[in-house]
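Number of protein chains: 2
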Amino acid sequence: MKLAEIRNKLVAKGLRVSPQRLSIFEAIIKLNNHPTADDIAEFIKKDHSNIATGTVYKVLESLVSNGLIKKVKTERDVMRYDAILDIHHHLYCAESDFIKDYYNNEINELLSEYFKKNGIPGFEIEDIKLQINGKFLQED
Amino acid sequence: MKLAEIRNKLVAKGLRVSPQRLSIFEAIIKLNNHPTADDIAEFIKKDHSNIATGTVYKVLESLVSNGLIKKVKTERDVMRYDAILDIHHHLYCAESDFIKDYYNNEINELLSEYFKKNGIPGFEIEDIKLQINGKFLQED
DNA sequence: GTATGTGCAAACTTTTTGCACTTCG
DNA sequence: CGAAGTGCAAAAAGTTTGCACATAC
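Residue numbers (this note's numbering), protein chains in the order written: chain A, -19 to 120; chain B, -19 to 120.
Because the hints were derived from the structure by calculation, they are not lab data.
It cannot be assumed that every hint is accurate.
Heads up, the list lumps identical chains together, so a pair's fine if it works in one copy or across two of them.
Within a straight-line C-alpha distance of at most 27 Å, the following computed BS3-like cross-link-like pairs (lysine-lysine) qualify [claimed, not checked]:
| no. | residue 1 | residue 2 |
| --- | --- | --- |
| 1 | K80 | K50 |
| 2 | K38 | K96 |
| 3 | K(-11) | K115 |
| 4 | K(-7) | K115 |
| 5 | K115 | K38 |
Sequences and hints are given; from them, build the entire structure.
Here it is, written out as C-alpha cells:
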C-alpha cells in the first residue's frame, strides 16, 4: 500500500493526515505480523522520527474506531493490531504466540453458503473468522 | 458439572484439590459467560470464603496449563476464561464485548472434512474455532 | 485561526512475583 | 512431614488520561 493510498483512507474518514498517523499506519503494514503498540513505537523510533507512547495508543484507537485497522488478541496479554487488507483467517500457535494470516476463499464461500442456508437465531452475522490453532512446522 | 467431577479432573492432572481450586473451577462453570479473573474473584468472595487476587491468577494459570480451562481474549483489554466443555465456537459482538458459545457439529464436520482433504502447508492443525462477529438481536 | 492532534508524565488497570505461611496427601 | 498451594503486598506491564503545546487544513 502506497503512502498516497493511506493518505486517502485517512482523508476519507475525515481524519487529519499527520506524520504520526501516516507512520503508524505504515508501520502496521510493514510489520505485518500483527504488531503490538510497542512494536509499532519502536519501529517508528528506529526508522523515522520520535513518537510518544501515548500518541501511539491514541492514533491506534482512532484508526480502530474508524475501521481502518483491527485489534487482534491472543492468549497473551498484549493487544495486537492488524491492517484491514482482505478477508483472512489466522493460524495461531499458542506455544510461540505467533499469528500468521491465512487466506482461503474456498473456505469463505463454504461458510457463507452454509450460513446463508442456516442462520443463527438471535444473531446477525457480520463476518466470520477462523482461528486455526496448531503448530508451525520447520519451514517457517 | 458436579464437584466430584471437578475433583477428579484435578486429581487426574496431578493437581492438589484445594478449596480455592474447586471454587475457581466452579465459578468459571457457573459464571458461564467467559468471566474475567476479577469476576471470578468477586464471585468467590461473595458466595464463599475469601481469596487473594494473586491466588486467582495462579490457579487460573495452572488450570490453563493443565488444559482444564482456556483463555479467551476479545478486543477489550482483559483476559477471559472458559471451561473446556466441548468443541464450540464463539459469537462475538464487538459493540457490547459479549461472547456467547455456539455449538454446531455440522460446521465442525464440514471444516474437518475440508481440512482433511486440503491441509495447510507448513502448519499442523490442532483445532479450529470460528469467531462469528456480529450483533445479538433482541431476545438475548 | 481553530479544531484536531501530539508529547509528556502521571495515574490506572490488569497481571505477575517473592516469600513466609499453610495445607493436602 | 514435605511438596504444593495460598495470602499478601509490592512491582511490573500495558494502557489511558489531562493538559499545555503544536500543526493540519
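Hint check results:
no.: 1; hint: K80 / K50; verdict: both (15 Å within a copy, 21 Å between copies)
no.: 2; hint: K38 / K96; verdict: neither (38 Å within a copy, 44 Å between copies)
no.: 3; hint: K(-11) / K115; verdict: between (35 Å within a copy, 26 Å between copies)
no.: 4; hint: K(-7) / K115; verdict: between (38 Å within a copy, 23 Å between copies)
no.: 5; hint: K115 / K38; verdict: between (34 Å within a copy, 26 Å between copies)
Hint compliance for this structure: hint 2 alone is broken.
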